[in-house]
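A.B. asks: This is what each chain is made of:
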Amino acid sequence: MNTMSRLRRVLEKGEFAVTSECGPPKGADPEIVLKKAELLRGKVDSINVTDNQTAIVRMSSMAACSLIKNAGLDPVLQMVVRDRNRIALQSDILGASAMGIRNVLCLSGDHQCFGNQPEAVGVFDLDSIQFIQVVKNMRDEGVIVGGEKLESKPDIFIGAAANPFADPLEFRVVRLAKKINAGADFIQTQCIYNLDRFENWLKMARDKGLTEKAYILGGVTPLKSAGMAKYMKNKVSGMDVPDDLVKRMEGVSKEKQKEEGIKICVETIKKLKEMDGVKGIHVMAIEWEDAVGEIVEKAGLLPRPELDGE
Amino acid sequence: MITAEQKPISEIRGMIKPYRRILVLGCASCVAECAAGGQKETAMLASTLRMKAKMENEDVAIEEYTLDRQCVNDFVVRLDDIIDKYDAVLSLACGAGVQAVAEMYQEIPIIPALNTEFLGETRAQGLWVENCLGCGDCILYYFGGVCPLARCSKQLFNGPCGGSVNGKCEINREVPCAWQTIIDRLAKFGALDRLETIYPPKNWAKKQGGGPRKIVREDQEK
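Protein chains in written order, with the numbering used here: chain A, 262 to 571; chain B, 1243 to 1464.
Just chain B, same shape as in the assembly:
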């Protein structure tokens, strides 16, 4: 899933300052899972902003609404009936959701309330970790199901570097060394010999060779 974190209230307040009727718009998908922009967080943020506005004697109306998904047009259109009431939308979606809403409603500013972080997993309550770069050419097979691009600080295909100590990365002793993890995994299913192969330079064209990427599936078109 896509993970995100809420921006500082002061930054959000700075961005919404020029507006008087604001829709705080949640997204019930990934950002709900990572407790950043779901219905609950949206209600809390809206309430905080109302309180701050009241304390500062600002004449501003702040309402909230949560879509199932801001990144899917079929859901975004549900805003058709209400959007005209507002002069700005504060979106608690990931960057993709913010832009999908902005694409749909060109006349109204769609302001991001979150910083989109990474593609990752929920490893424990309150713990999300990055493990995919979306490189367009999955290599997990070769590395025991551990991505050296997303999880090694130096993106080494032929690691580990000289900074791996006690299974930790040199950049921070809290960070697991991806290469130690790869070696441990491969050892468990007897595939350590894969490490002797020199893995060639990555084809980055699959990620950024053609500008922004898109997927076209004719079999899916209506």
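This is chain A alone, in the form it adopts within the complex:
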């Protein structure tokens, strides 16, 4: 069996990649993770597992990734720098690799004030870009922070997030460049609703040669309702939902809004697929994992490519 990440193999083969995500439960039941992952089998190439997202205590991303890996699927371990210092982060990279977890997404993490542990200390010993560089040095040079040699190198496909919609706009691409120069092999973006701004960002990235240096996966999230569209527009920092999309969701009856949300998502994916420099999509169907199959199918992305040795 090939020990390389499926995500990496799909991208290196030149196929349009599909990833999705699975939020671990607020509990210790492995069945919940496996059930969510099962919904995605055959529909996506790899499954991101979020790391205590929105700073809410959940089953560890590492443990959920291990469950998913053992079920024969390809997990992407999300790791935030909010909760662990450089000792713990580096140790977990070694542990992840040892368990066959081959993809890591290096993130800052939502601030602890948003979650259910607002009294927790925020560690932030490394930032996400430093973390990317640390993982790259571990993998490529076999050294940890400070230069000490490892006995063996971890095998990790390194990911980073990018938000084309946050401010300041002119700096978003500088930051993308920093992440790629630090060692990111692939990029998963924030949910794309404003395609014009995304294209603008992508063009700037292309002009800097960044789309040749890393695989960019466009993030999409199907809107469940007009209420969700408005919430994302007004309450979520760094989220850009254009007015006409909100109006479009409001324009259909309540029962039809889910369907409309999926339709918008599929249209977005089709447009992304045509853009020069987009190498795949990342579908974040928040607590709506059963919608992913339908979206991917309607977007014409099934069946997923077969790889040698599978």
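A few of these clues could be false.
Covered stretches of chain B (chain A as the covering partner; in silico rule of three or more C-beta atoms under 8 Å from a C-beta of chain A) [to be verified]:
1) 1397 to 1406
2) 1433 to 1445
From the structure, some residues in chain A lie toward chain B, with a derived Cβ separation under 7 Å [what the hints assert, rightly or not]:
3) Ser369
4) His372
5) Phe385
6) Leu387
7) Gln391
8) Ala427
9) Asp428
10) Val435
11) Ser498
It should be emphasised that the hints constitute simulated quantities derived from the structure, not laboratory data.
Note that the Cβ used here is the ideal one computed from N, Cα and C, for glycine as well.
Given the coordinates of chain A, work out where chain B should sit on it, guided by the hints.
C.D. replies: Just chain B now, kept in the frame of chain A:
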């Protein structure tokens, strides 16, 4: 300067409850500047405590005194002549001042009346903002004179994160995004290219690598 705020009266009353002769001790330095523990605030707190005690029919003597600095031993020793009259001191100094007085007078409880907050500046009347962590290795040069450690909620050396919107931080739309401030500053003196450098992990040993820090200067010793 070091900023502080007064603790709630109920908490202070709870701590001084066992004592009958209390010295309310002000500090005329930083905490006077931030209107928390100077001579004026000390008089007000002492008076409030006397009034409360009277209302509750408590037999307690509360007097006040303000030192120029509670964190400097040369000033603290001025208490030598009066301290024996009291069985507790309620100190309106920062944590450093409280401990300096406690170090000097081991037999008597020194009770904090303030919560020490941060190293900051007085930006306007009634407005103090945090802008230094005392990390032991100043990096302000690289960031246009804006400290990403003290002023970015996630202490990013390579920011801004995806939560920066309209110059504000994701944790609260009232909080300025430190990274927007850094970028604006660097743009003004044409040093935006500094942002393309990946700033390496911080050496935290200078802050906490050797336990509590101290500075020894032989040239200053008597």
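A.B. asks: Mind checking the CB of His372/A against every CB in chain B and telling me if the closest is under 7 Å?
C.D. replies: Holds - the Cβ of His372/A comes within 7 Å of chain B, reaching about 5 Å at its closest.
A.B. asks: Hint Gln391/A vs chain B: min CB-CB distance below 7 Å?
C.D. replies: With Cβ-Cβ at 5 Å, under 7 Å, it holds.
A.B. asks: For the hint on Val435/A, does the least C-beta distance to chain B fall short of 7 Å?
C.D. replies: Because about 6 Å separates Val435/A from the closest Cβ in chain B, which is inside the 7 Å limit, the hint holds.
A.B. asks: Double-check Ala427/A for me: the hint is only fine if its C-beta lies closer than 7 Å to a C-beta in chain B.
C.D. replies: holds (5 Å)
A.B. asks: Should the interface hint for Ser369/A be scored as holding, given a Cβ-Cβ cut-off of 7 Å against chain B?
C.D. replies: Result: holds, 5 Å to nearest chain B Cβ.
A.B. asks: Just to be careful: measuring from the Cβ of Ser498/A to every Cβ in chain B, is the smallest value less than 7 Å?
C.D. replies: Constraint on Ser498/A satisfied, holds at 4 Å.
A.B. asks: Confirm or reject the coverage of the stretch 1433 to 1445 of chain B by chain A under the rule of 3 or more residues with a beta carbon closer than 8 Å to the chain's beta carbons.
C.D. replies: holds (count 7)
A.B. asks: Under 8 Å between beta-carbons, do enough residues of the stretch 1397 to 1406 of chain B, three at least, approach chain A for the coverage claim to hold?
C.D. replies: holds (count 10)
A.B. asks: Hint check: is the beta carbon of Asp428/A less than 7 Å from a beta carbon of chain B?
C.D. replies: holds (5 Å)
A.B. asks: Can Leu387/A be said to touch chain B, with a Cβ gap under 7 Å?
C.D. replies: holds (5 Å)
A.B. asks: Could you check if Phe385/A really has its C-beta closer than 7 Å to a C-beta on chain B?
C.D. replies: OK, holds: Phe385/A within 7 Å of chain B, min 4 Å.
Checked against the numbered hints given earlier, the structure satisfies every one of them.
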